[in-house]
Amino acid sequence: MSPHQIVLDLQDWLALFGHFLGLSLMSLGGAMSTSAEMHRYLVEQHGWLSQTQFNEAIALAQAAPGPNVLFVALMGWQVGLNAGSSVAAVCGVFVCLVGILLPSTIFTYQVAQWGHRNRELRAVRAFKQGMAPLVIGMLLATAWLLGSGGGGAGPKLWLLSVASGLVIWRTRIHLLWLLGAGAVLGAFGLV
Amino acid sequence: MTQPTRPGPTSLTDLFFSVTILALQGFGGVLAVIQRELVERKRWLSNEEFIEDWAVAQVMPGPNAVNLCMMIGARHFGLAGALTAVAGMLAVPLLLVLLLAALHAQYADNPAVSGALRGMAAVSAGLIAATGARLAVALVKNPVPLAWGVAIAAASFVLLAWLRAPLAVVLFTLGGLGCLLAWRRLK
Chain B
1 MSPHQIVLDL QDWLALFGHF LGLSLMSLGG AMSTSAEMHR YLVEQHGWLS QTQFNEAIAL
61 AQAAPGPNVL FVALMGWQVG LNAGSSVAAV CGVFVCLVGI LLPSTIFTYQ VAQWGHRNRE
121 LRAVRAFKQG MAPLVIGMLL ATAWLLGSGG GGAGPKLWLL SVASGLVIWR TRIHLLWLLG
181 AGAVLGAFGL V
Chain H
1001 MTQPTRPGPT SLTDLFFSVT ILALQGFGGV LAVIQRELVE RKRWLSNEEF IEDWAVAQVM
1061 PGPNAVNLCM MIGARHFGLA GALTAVAGML AVPLLLVLLL AALHAQYADN PAVSGALRGM
1121 AAVSAGLIAA TGARLAVALV KNPVPLAWGV AIAAASFVLL AWLRAPLAVV LFTLGGLGCL
1181 LAWRRLK
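Protein chains in written order, with this note's numbering: chain B, 1 to 191; chain H, 1001 to 1187.
Treat the hints as calculated values from the structure; they're not laboratory data.
Hints are not guaranteed to be accurate.
Claimed, not checked - Distance ranges between label pairs, derived from CB positions:
hint	chain 1	residue 1	chain 2	residue 2	range
1	H	Leu1186	B	Phe107	18 to 28 Å
2	B	Arg122	H	Asp1109	23 to 33 Å
3	B	Trp114	H	Arg1043	37 to 47 Å
4	H	Arg1043	B	Gly84	43 to 53 Å
5	B	Asn118	H	Asn1110	52 to 62 Å
6	B	Phe107	H	Ala1080	13 to 23 Å
Even for Gly, the Cβ is constructed at its ideal location relative to N, Cα and C.
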């Protein structure tokens, strides 16, 4: 990554933390939905991240296993590195990740507990069950977007997606076998 | 609460590692892995419960996979379970992603590495589609009339995958329609 040096004082760290705390409650549908605002703040307004670093954080987190919200941790890591030390980088990880997660997690916890206590209410049951068709449509859309790889997926890659989908649907084989097979096929350029 | 015969995490340690292991299998969609691991294999919750918890996790702010695991942890061990599940979801994947970031600079241009990632993404796409197919069976028992349910699922797919409509808009319109239809059938 290209060198991109910045200076952060305590007030900047607090501002960074506050910014992510604020974004947390706006992150409906996942933290990625607020990434445009993160870009405006980190890249355009403060210049704490370069454009390339911002893009790489998102791309890396999507390629890595685990929840996509980790792109936020990577941004914090890179902001800290830009500020000059790996201690600052660790600091950046915690400031950004705790900031983006704390408010939404507390809020969701409270609502989920309330919903569980009132699960016999007609409105609660209607909400939970009425969302089911949408949940299925969303899953199929996610699969489509991931499978088409931004429009670059060839017929062999589609075949691999369809074949693994069928195997997963009809069997209870452990996923890691299939992920490993996909990795090997891809590494040897077979798909 | 859950019946005593119902399988569930035996301890906070079991919960932590179960969540960590499923998080590590999620390339582009941890939710589908949760369905696979916790519903199909461990049977901690049924398909219907999974969909219901997901509906809550989805409309709340924050990452939905983290929200969902937190709710499952809370169901079994209260606040301690919620915190353990969130930690399990994030701790090891966080270390791994930082390690990958460190290696990235050296191996980004290696065709074998990018090929392997492409292959794993294709398998994940298959997994997520298969999860959708399995959950679609639950629509038969749903209070939303089946024809409406299929229509809403199809419309949300077209809006999100082909027309790239913003998720929030689809959630409030088609999700709201589903809730209204369910509300009329329930009493």
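Okay, the hints, checked on the actual structure:
1. H:Leu1186 to B:Phe107: 18 to 28 Å: Holds, at about 26 Å.
2. B:Arg122 to H:Asp1109: 23 to 33 Å: violated (58 Å)
3. B:Trp114 to H:Arg1043: 37 to 47 Å: violated (26 Å)
4. H:Arg1043 to B:Gly84: 43 to 53 Å: Hint holds: Cβ distance 50 Å, inside 43 to 53 Å.
5. B:Asn118 to H:Asn1110: 52 to 62 Å: Holds, at about 53 Å.
6. B:Phe107 to H:Ala1080: 13 to 23 Å: holds (19 Å)
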